[in-house]
Amino acid sequence: MTQQDVTRLQGIFGRNPREPGSLIAVLQDIQREFHYLPREALSETAKALEVPLSKVYSAATFYSAFSLTPRGENIIRVCKGTACHIKGADLLLDQLESGLGIKPGETTPDLKYTIEVVNCVGACAMAPVMIVNAKYHGNVPCNRALRLVKKA
Amino acid sequence: MVHITINGKVIKATEGEMLLSVIRRHGIEIPALCHHEAIEPTGNCRLCMVEITREEWDGWKKHVTSCLYPVEEGLIVSTHTPDVIEIRKTILDLQLANCPDSEVIQKMAEEYGIYKTSYEVVPEGDNCIMCYACTRICEVLGRSAISAVGRGHRKEIAPPFGAEPPDCIGCLACAQICPTDVIPWTDRDNTRTIWDRKFELISCKECGRQTIAREFADYLIEKRNIPREYFEICDNCKRSELARKMGEIVARAQEVAI
Ligand code: FES
Ligand code: FES
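Going down the list, the protein sequences come from chains A and B.
Residue 104 in the numbering used here sits at position 104 of the first sequence, and the numbers go up by one each step.
Residue 1050 in the numbering used here sits at position 50 of the second sequence, and the numbers go up by one each step.
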C-alpha cells in the first residue's frame, strides 16, 4: 500500500468507532474507497478493531458486496432474471462484453469498469434492466447499453 | 434439581444442564458429532435430535437438538421414536453423500442400517461436516487462527487468504477435536506442519523426545503463567523423575525405621 492508501485507511478507522462491532462498516468504507478489499487493508482492520484476522477474512468472503480483487470504478450490473432474459439481456450483455473487452465478473485493465450479472432486481416491468453504479436503466435497447455505460 | 422422564423413566437432573449430557449419563446411546465439552454447543450436526413433550402439551411434540436443550421440570423425552430415527437416518444418509470416505460417519450410518447413500455423492467432498468444532476450539484457546471462508455450498474452513495462518501456534486442538478427522498435520524431524505452517518442536532435555510446538509453549508461558522449565522435560521423563524421588523417600524412610 502506498502512503496515500495508508492515510485513506487511517481516515476510515478514524470515522468509525474502534470496536469489533464496526467491522462491516469499516469493510464497506474500504470497499467504497478502494473498490476492493486489499489484503494489507484487511490485516490493518484486524489490528485496528482488535478482531482476529480470520474473522475479518470470513466476513470479507461472506458478503458478495465485498471483493478481494480490484473492481472497477463503475460497476455495471446486468439483470439476467427471467423477464430480462426473455427481453434480450443476453444481447445487451454481448454488446457490453465486446465493447469493454471483458466477461461478467471481470474488470477492465484500466480499472474503470466491472461487469456483473445479477438475477432479478425486482424491476421486471422495465426489462431488460441494467444498473450502472446506483442508477437503474430500464427498457435498455441493446445498442444503447455501451453508450449509457460510457456516460456514467 | 428437576425431574424429567427419558424413555419412560423418571430421572433427576440439574437445572440448566443440557439434555444430551443427561441422556448420556444414563447410558443411552445417541449419535452426536459436533458436541464437545470444551466448546459451547451450537447444534450444527443435528444428529443428537430427540423428541420432547410435556404433560400439558396435550400430545403435541417437538424435535430438538439435545446438545442445545437445557433440561426443565416435567420434560418428557424420547430418544428413539420412529420419527427421531427417521430424522437421524436422513441426516446420516446426507452426510454419507457429503463425506463418503469418513469412517466415523460410515460407522454411524451402518448402525442405522445405511450402507450406501441414496443421494448423489458430492464430487469434491472432503469429509468436513462444517460443524465448526475446530474454529470454536481455536477461539476458546484465544487464537481464532482459522474460520469459515466464503458462503453457501462453497464455504470451507480455512486460514485467512488460504495462506499460513499468522495466529496459529501449532497446538493441534483443531485437528484433535475434528469429529471426522479431516485436518491434516504431521510431526517430522523436529517440525510440526499444520495449515501449511511449520513449527519447531521442543525436544525433551532428558530423552530427546519431541513434546510441543515452541510457539504453543511460549503462548502457555505467557498467558497461563506456566514456568518455562515445565516444557523442557517431557511427561514421561517427569514421571520417571517423580518415581525416582519417591523411591529415594521410601528408601530413606526405611533406613530411618531400621
Ligand atoms: S428479471 Fe430483470 S428485473 Fe426481474
Ligand atoms: S451434537 Fe447436537 S447438533 Fe451436533
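Rather than coming from a laboratory, the hints here were simulated on the basis of the structure.
Ideal Cβ positions, reconstructed from N, Cα and C, are used throughout, including at glycine.
Treat the hints loosely; a few may be bogus.
What the hints assert, rightly or not - With a cut-off of at most 25 angstroms between alpha-carbon atoms, the simulated DSS-like pairs for lysine-lysine come out as follows:
1. B:1205 to A:55
2. B:1062 to B:1089
3. B:1205 to B:1155
4. B:1205 to B:1223
5. B:1198 to B:1223
6. B:1223 to A:47
7. A:55 to B:1061
8. B:1245 to B:1223
9. B:1089 to A:55
10. B:1061 to B:1089
11. A:47 to B:1107
12. A:55 to A:80
To be verified - Some residues of chain B that are not near chain A, with every Cβ distance over 12 angstroms (derived):
13. 1009
14. 1037
15. 1062
16. 1098
17. 1135
18. 1143
19. 1146
20. 1147
21. 1243
22. 1248
23. 1253
How the hints compare with the structure:
1. B:1205 to A:55: The hint is violated at about 38 angstroms.
2. B:1062 to B:1089: holds, 18 angstroms
3. B:1205 to B:1155: violated, 44 angstroms
4. B:1205 to B:1223: holds, 23 angstroms
5. B:1198 to B:1223: Holds, at about 22 angstroms.
6. B:1223 to A:47: holds, 19 angstroms
7. A:55 to B:1061: Violated, at roughly 38 angstroms.
8. B:1245 to B:1223: violated, 30 angstroms
9. B:1089 to A:55: Not OK: residue 1089 (chain B) and residue 55 (chain A) at ~34 angstroms, beyond 25 angstroms, violated.
10. B:1061 to B:1089: With Cα atoms ~20 angstroms apart, residue 1061 (chain B) and residue 1089 (chain B) stay inside 25 angstroms; holds.
11. A:47 to B:1107: violated, 44 angstroms
12. A:55 to A:80: Violated, because 33 angstroms separates the two Cα atoms, which is more than 25 angstroms.
13. 1009: Per Cβ check, residue 1009 (chain B) is outside 12 angstroms of chain A; nearest 44 angstroms; holds.
14. 1037: Its Cβ never comes within 12 angstroms of chain A, the nearest being 23 angstroms, so this holds.
15. 1062: holds, 31 angstroms
16. 1098: About 21 angstroms separates residue 1098 (chain B) from the closest Cβ of chain A, which puts it past 12 angstroms; holds.
17. 1135: Given a closest Cβ separation of 8 angstroms, the condition is violated.
18. 1143: violated, 8 angstroms
19. 1146: violated, 6 angstroms
20. 1147: Non-interface label fails for residue 1147 (chain B): nearest chain A Cβ at 4 angstroms, not farther than 12 angstroms.
21. 1243: Given a closest Cβ separation of 43 angstroms, the condition holds.
22. 1248: Label holds. Min Cβ-Cβ 49 angstroms, cutoff 12 angstroms.
23. 1253: Correct as stated: the minimum Cβ-Cβ distance to chain A is 54 angstroms, above 12 angstroms.
When held up to the earlier numbered hints, the structure conflicts with 1, 3, 7, 8, 9, 11, 12, 17, 18, 19, 20 and fits the remainder.
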